[in-house]
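Enquirer: Line by line, the protein sequences give chains A and B. Heads up: the first sequence is residues 1 to 413, going by UniProt numbering. Heads up: the second sequence is residues 1 to 413, going by UniProt numbering.
Quick caveat, the hints were computed from the structure, so don't treat them as lab data. One or more hints might be untrue.
If you want a taste of the chain B side facing chain A, the calculated C-beta under 10 Å gives, among others [what the hints assert, rightly or not]:
1) Arg68
2) Pro135
3) Glu306
What follows is a set of in silico ranges between Cβ atoms, one per label pair, in the way DEER data are often shown [to be verified]:
4) A/Thr60 - B/Arg268: 49 to 57 Å
5) A/Asp206 - B/Asp136: 23 to 31 Å
6) A/Ala274 - B/Leu407: 41 to 49 Å
7) B/Gly178 - A/Leu301: 46 to 54 Å
8) B/Thr129 - A/Ala353: 55 to 63 Å
9) A/Pro329 - B/Asp302: 17 to 25 Å
10) A/Ala353 - B/Glu21: 54 to 62 Å
11) B/Ala89 - A/Ala371: 49 to 57 Å
12) B/Glu21 - A/Phe324: 19 to 27 Å
13) B/Arg304 - A/Phe324: 47 to 55 Å
14) B/Leu132 - A/Glu58: 31 to 39 Å
15) A/Asp206 - B/Arg268: 19 to 27 Å
16) A/Ala222 - B/Pro323: 28 to 36 Å
17) A/Pro323 - B/Pro183: 40 to 48 Å
What you are looking at is a predicted structure, and each value in this text was computed from that prediction instead of being measured. A virtual CB, placed ideally from N, CA and C, is assigned to each residue, including glycine.
2 protein chains.
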Amino acid sequence: MNSLSSPTLPLTPDYDAWPIEAEIRAVTHDARVVTLDWSDGRVSRYHGIWLRENAADESTVNPATRERILDLSTLPAWPEIAAAEVDAAGALCVSFAPEARVLRFHPGWLRAHDYDNGATQEGPLVPVTTWLGGPDASPDSLDASGLLDAEPAGEAEEAILAPALERVLGKGLVRLRGLPTAPGSLAEIAARIGPLRATNFGTLFDVRAKPDPDSNAYTSIALPPHVDLPTREYQPGLQLLHCLENDVAGGQAVMLDGFAVAEALRDRHPEAFATLTRQRWCFANTARTTDHVWHAPMIGLDERGELQEVRIADFLRGPLQAPFEAVEPAYAALMALQALLHEPQFALRFDYAPGDLVIFDNRRLLHARDAFAGGGGRRWLQGCYLERDEVRSRYRMIQRARRRRRLDSEHND
Amino acid sequence: MNSLSSPTLPLTPDYDAWPIEAEIRAVTHDARVVTLDWSDGRVSRYHGIWLRENAADESTVNPATRERILDLSTLPAWPEIAAAEVDAAGALCVSFAPEARVLRFHPGWLRAHDYDNGATQEGPLVPVTTWLGGPDASPDSLDASGLLDAEPAGEAEEAILAPALERVLGKGLVRLRGLPTAPGSLAEIAARIGPLRATNFGTLFDVRAKPDPDSNAYTSIALPPHVDLPTREYQPGLQLLHCLENDVAGGQAVMLDGFAVAEALRDRHPEAFATLTRQRWCFANTARTTDHVWHAPMIGLDERGELQEVRIADFLRGPLQAPFEAVEPAYAALMALQALLHEPQFALRFDYAPGDLVIFDNRRLLHARDAFAGGGGRRWLQGCYLERDEVRSRYRMIQRARRRRRLDSEHND
Numbered sequence: 001m002n003s004l005s006s007p008t009l010p011l012t013p014d015y016d017a018w019p020i021e022a023e024i025r026a027v028t029h030d031a032r033v034v035t036l037d038w039s040d041g042r043v044s045r046y047h048g049i050w051l052r053e054n055a056a057d058e059s060t061v062n063p064a065t066r067e068r069i070l071d072l073s074t075l076p077a078w079p080e081i082a083a084a085e086v087d088a089a090g091a092l093c094v095s096f097a098p099e100a101r102v103l104r105f106h107p108g109w110l111r112a113h114d115y116d117n118g119a120t121q122e123g124p125l126v127p128v129t130t131w132l133g134g135p136d137a138s139p140d141s142l143d144a145s146g147l148l149d150a151e152p153a154g155e156a157e158e159a160i161l162a163p164a165l166e167r168v169l170g171k172g173l174v175r176l177r178g179l180p181t182a183p184g185s186l187a188e189i190a191a192r193i194g195p196l197r198a199t200n201f202g203t204l205f206d207v208r209a210k211p212d213p214d215s216n217a218y219t220s221i222a223l224p225p226h227v228d229l230p231t232r233e234y235q236p237g238l239q240l241l242h243c244l245e246n247d248v249a250g251g252q253a254v255m256l257d258g259f260a261v262a263e264a265l266r267d268r269h270p271e272a273f274a275t276l277t278r279q280r281w282c283f284a285n286t287a288r289t290t291d292h293v294w295h296a297p298m299i300g301l302d303e304r305g306e307l308q309e310v311r312i313a314d315f316l317r318g319p320l321q322a323p324f325e326a327v328e329p330a331y332a333a334l335m336a337l338q339a340l341l342h343e344p345q346f347a348l349r350f351d352y353a354p355g356d357l358v359i360f361d362n363r364r365l366l367h368a369r370d371a372f373a374g375g376g377g378r379r380w381l382q383g384c385y386l387e388r389d390e391v392r393s394r395y396r397m398i399q400r401a402r403r404r405r406r407l408d409s410e411h412n413d
Numbered sequence: 001m002n003s004l005s006s007p008t009l010p011l012t013p014d015y016d017a018w019p020i021e022a023e024i025r026a027v028t029h030d031a032r033v034v035t036l037d038w039s040d041g042r043v044s045r046y047h048g049i050w051l052r053e054n055a056a057d058e059s060t061v062n063p064a065t066r067e068r069i070l071d072l073s074t075l076p077a078w079p080e081i082a083a084a085e086v087d088a089a090g091a092l093c094v095s096f097a098p099e100a101r102v103l104r105f106h107p108g109w110l111r112a113h114d115y116d117n118g119a120t121q122e123g124p125l126v127p128v129t130t131w132l133g134g135p136d137a138s139p140d141s142l143d144a145s146g147l148l149d150a151e152p153a154g155e156a157e158e159a160i161l162a163p164a165l166e167r168v169l170g171k172g173l174v175r176l177r178g179l180p181t182a183p184g185s186l187a188e189i190a191a192r193i194g195p196l197r198a199t200n201f202g203t204l205f206d207v208r209a210k211p212d213p214d215s216n217a218y219t220s221i222a223l224p225p226h227v228d229l230p231t232r233e234y235q236p237g238l239q240l241l242h243c244l245e246n247d248v249a250g251g252q253a254v255m256l257d258g259f260a261v262a263e264a265l266r267d268r269h270p271e272a273f274a275t276l277t278r279q280r281w282c283f284a285n286t287a288r289t290t291d292h293v294w295h296a297p298m299i300g301l302d303e304r305g306e307l308q309e310v311r312i313a314d315f316l317r318g319p320l321q322a323p324f325e326a327v328e329p330a331y332a333a334l335m336a337l338q339a340l341l342h343e344p345q346f347a348l349r350f351d352y353a354p355g356d357l358v359i360f361d362n363r364r365l366l367h368a369r370d371a372f373a374g375g376g377g378r379r380w381l382q383g384c385y386l387e388r389d390e391v392r393s394r395y396r397m398i399q400r401a402r403r404r405r406r407l408d409s410e411h412n413d
């Protein structure tokens, strides 16, 4: 086809790639709503106000940044639809009154945002599946030995990160193996996903027995199942633990799927589950140089009632501050949860080998540790935090790159 | 008094200092509850289970870290109170069955955690007050010229930070003046409060016109009132903007109290307010190398219905994904909000002078900017983010230091 004579599709208000799954066959409208008949039989309605705000022309979006500059309240009136049709490129063209402006919309983008048929980007990027541990279980493991040699954001990096991030999003846990053991290399590894979250423990923290510990983590005692930093309004989304050395006896890692525990609690002790979704506990770390306190339920649900996070760490709870009548029921619910946490079916146990990197969702998984011999041998993990936001962004970029490659290969056919 | 013969008060399960506001005059109990009569007439009940979990002895708390090691579900049974009395030091002594353990409790700590009388650490540390702008308003300003010479966590630093953090917690805004203008010095200044939050824009970011902008912020165009990074599940709590140079025409800073705007919306358009507390909008930054998306209401309330955050940034919204019937009401509510944002009574306008540092609550305040002349002169701000958690922790440490000094001065009397 000669590109000079070919009508081109309009820009979209983003940098993404939108394949044409179906074509617009017919357009009808009234003053408020445009209705599209698609080539596969689907019918989709779009409001004029929604189309007006999501146009991609220079009156709506800054072309340099692809960010919106339109303020709807400055329009002369609520935008009405004066005319609507499909043009030779297959785009939707709408004339808006009283602006007297004609705007064009990309059919692939319209189809992907078909809210009239329930399209939404709100669901999880990867289906969430809960899991049990037990003696025969082991963490999903992937060879990541090529990661640091891969070009950033290139296909070799993507081949390692895509399955890793899928497991983090779906199961809350993945083990990467074969990584370097140079101290500090975790910073470079983690930055392949996104920016690290610094805390009062630093950007990278060392988990090993220390002479003057400011946390039970920095001793050789056993740690009960817990999340890190429940004392923050927003607990770190991801924790990365990178094994540099390990030749001590004991100190096995133990991980539990907090969502599986919460679901078991809901099945077996529904009152305790309900109490723990409502009762705000005090999480506190009144340490020597910092004083972090936050009050929140132990089981967090989102607006749809889905599990969003757990916040469990007995050693980081301050005194419960609740109405007198709520105290004993709160403790009864807590003890039902604590008893579940001891059941061996939930515990996934494994040993760290040098070069292992375990990435887990710190707002979902509980991690624990057996006591280890602090005296002989060495056990050195380096850790850091980053956010669920960064995992989702990195994973979306991989999806976008794949869509773009698919589009490019279709154009080359 | 001879310290050898003086009975000592027990440890508390934290590192804080707890003055004795009143003494325990009488103790009664049954198997589940201890009742204290205080010297000022107050009566407080404490559950045995609550006392048992909040003891500070070595069976309950690791003395090296002051973190809990007790798991209630491992006790032989629900702890019952066998005996309770006040001892010669003024401490509460409780015998627990069936453990046959006697534990002592600090009366100042008990009094401060008197949940039976509604004691709670959940309220705001500083009362929240909303404010208007207008032509005669200016930001609260403090001389901070001595900050970087002050000893970290010392009294000179505290004298600058305490009133600054009070304003950030109460009004969401403070302007510090007289700071150095060396590029990068913001990192050292911000670290006096707590760890910085890095994003895909870096740890420190430069706000000035750039040739190849990846955000409208990095152009010279006007920016409408907005929060930063609404595309994250957890928007940065605090933003710090540090002026290094400013001799351009225009580019005045504009700040609005988003809580005052939300309250005005609630008063004048209660339906629009209700809609904006419920309707989840899509906040998206589908940029060239990152793809951050989050869905949330524009006005966030906490469990008690109090304003917790606003999430407003028209240029960082993606397409609304909502049921068909919800779309026009959502836009009507949005346009009511947008119209309020144009009212001059809300806008606090000021010019940045070199050495100014403006600290504001990015989940409460909206900031905007007039267009400025990109060609002539220079306007260079450096910015960074940190979290409300860190402000609260730093402010609590200041309160703790003051309590400790008060206690020490009483001991010296």
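Enquirer: Run the structure past the numbered hints and jot down the numbers of the failing ones, going up.
Expert: 2, 3, 4, 5, 11, 13, 15, 16 and 17
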